[in-house]
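108 is the number that this note's numbering gives to position 108 of the sequence shown; each next residue is one higher, with no gaps.
Calculated from the structure, these hints are not laboratory results. Here the structure is a predicted model, which means the values were calculated and not measured. Among the hints, erroneous ones may be present.
Derived Cβ-Cβ restraints for the label pairs, each shown as a range [said to hold, decoys possible]:
#1 S230 with S20: 42 to 52 Å
#2 R172 with S245: 31 to 41 Å
#3 D199 with A238: 30 to 40 Å
#4 P76 with A212: 42 to 52 Å
#5 P195 with E242: 17 to 27 Å
#6 E163 with V185: 17 to 27 Å
#7 D73 with A44: 20 to 30 Å
By construction, the Cβ of each residue, glycine as well, lies at the ideal position given by its N, Cα and C atoms.
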Amino acid sequence: MSSSGISFHTCSHIGRIILSRPPSNYFDWDMISQIADLVASFDADPAIRAYLITSNQKHFCAGADFSDGNRPDPKPIYEAATRLAAHRKPLVAAIRGAAVGGGLGLALTADIRIGATDAWFQANFVKIGISPGFGLSHTLPRLVGEHRARELFLTGRRFRAEEALSIGMIDRLVQPDDLDEVAMVFAREIAENSPAALDATLQLLGRHDGQAFAAAVESELAFQRPLFVSPDFDEGVAAARERRSPIFANLPGEVS
1 MSSSGISFHT CSHIGRIILS RPPSNYFDWD MISQIADLVA SFDADPAIRA YLITSNQKHF
61 CAGADFSDGN RPDPKPIYEA ATRLAAHRKP LVAAIRGAAV GGGLGLALTA DIRIGATDAW
121 FQANFVKIGI SPGFGLSHTL PRLVGEHRAR ELFLTGRRFR AEEALSIGMI DRLVQPDDLD
181 EVAMVFAREI AENSPAALDA TLQLLGRHDG QAFAAAVESE LAFQRPLFVS PDFDEGVAAA
241 RERRSPIFAN LPGEVS
């Protein structure tokens with residue numbers, strides 16, 4: 001079945017969610033909300049023991065849709081992201097191409113991340129004039145350590161899958177043609193295990209994680225909202241669209 005840039009099907013105890021919003025799987029509130037709804041429905045289905053999220057486009061997810069000056073209210077998007085992060089069954093992400101901004105945040109809600117050798121990642125928020133979001137202020141430091149996360153946030157630089165593997169952000173690196181098969185093998189291996197034991201294990205490992213993610217999102221919203229209506233955000237989005245370096249204004253009182 002398909003709807004609003006995603007399709008899904010179930011097979012052998014696996015729920016498979018496929019991102020399909022050309023050209024780069026930019027998301028809006030509806031797309032993230034539908035992913036969260038699907039995950040909730042899989043959580044409620046005793047026949048589903050694990051789920052997989054992947055893409056049939058060149059990129060996994062290039063972040064939020066800011067095309068044509070679009071400024072989506074982050075609150076409903078992040079409410080849906082919080083629901084997604086609270087999933088009760090193991091989630092595997094298969095990542096090809098770009099996972100940028102909120103797209104990186106989406107990838108990091110998974111329990112296991114398989115990356116193709118053509119994958120690249122970027123917490124690009126400062127490049128477009130905003131602060132981190134989509135729960136990344138919680139998930140990224142938790143995976144790679146606070147010092148490494150600080151460097152990735154403050155530079156906003158892109159990095160390849162090999163580095164992501166070396167710092168613990170992804171769990172396996174495979175050739176692009178093998179990505180979907182390897183990710184499905186992981187999902188099937190998980191699904192062969194005791195559902196009750198899987199549930200207990202996820203609760204044991206992440207029993208405080210849902211609350212921490214929600215708290216991080218609330219803090220992110222407080223910082224992001226004024227930045228979304230700032231000249232720097234306008235300049236950052238315009239520069240990204242025009243494929244040039246942004247020129248940001250000084251803070252009040254600073255000397256150029």
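Okay, the hints, checked on the actual structure:
| no. | hint | in the structure |
| --- | --- | --- |
| 1 | S230 with S20: 42 to 52 Å | violated (33 Å) |
| 2 | R172 with S245: 31 to 41 Å | holds (34 Å) |
| 3 | D199 with A238: 30 to 40 Å | violated (47 Å) |
| 4 | P76 with A212: 42 to 52 Å | violated (21 Å) |
| 5 | P195 with E242: 17 to 27 Å | violated (50 Å) |
| 6 | E163 with V185: 17 to 27 Å | holds (24 Å) |
| 7 | D73 with A44: 20 to 30 Å | holds (28 Å) |
The earlier numbered hints that this structure contradicts are 1, 3, 4 and 5.
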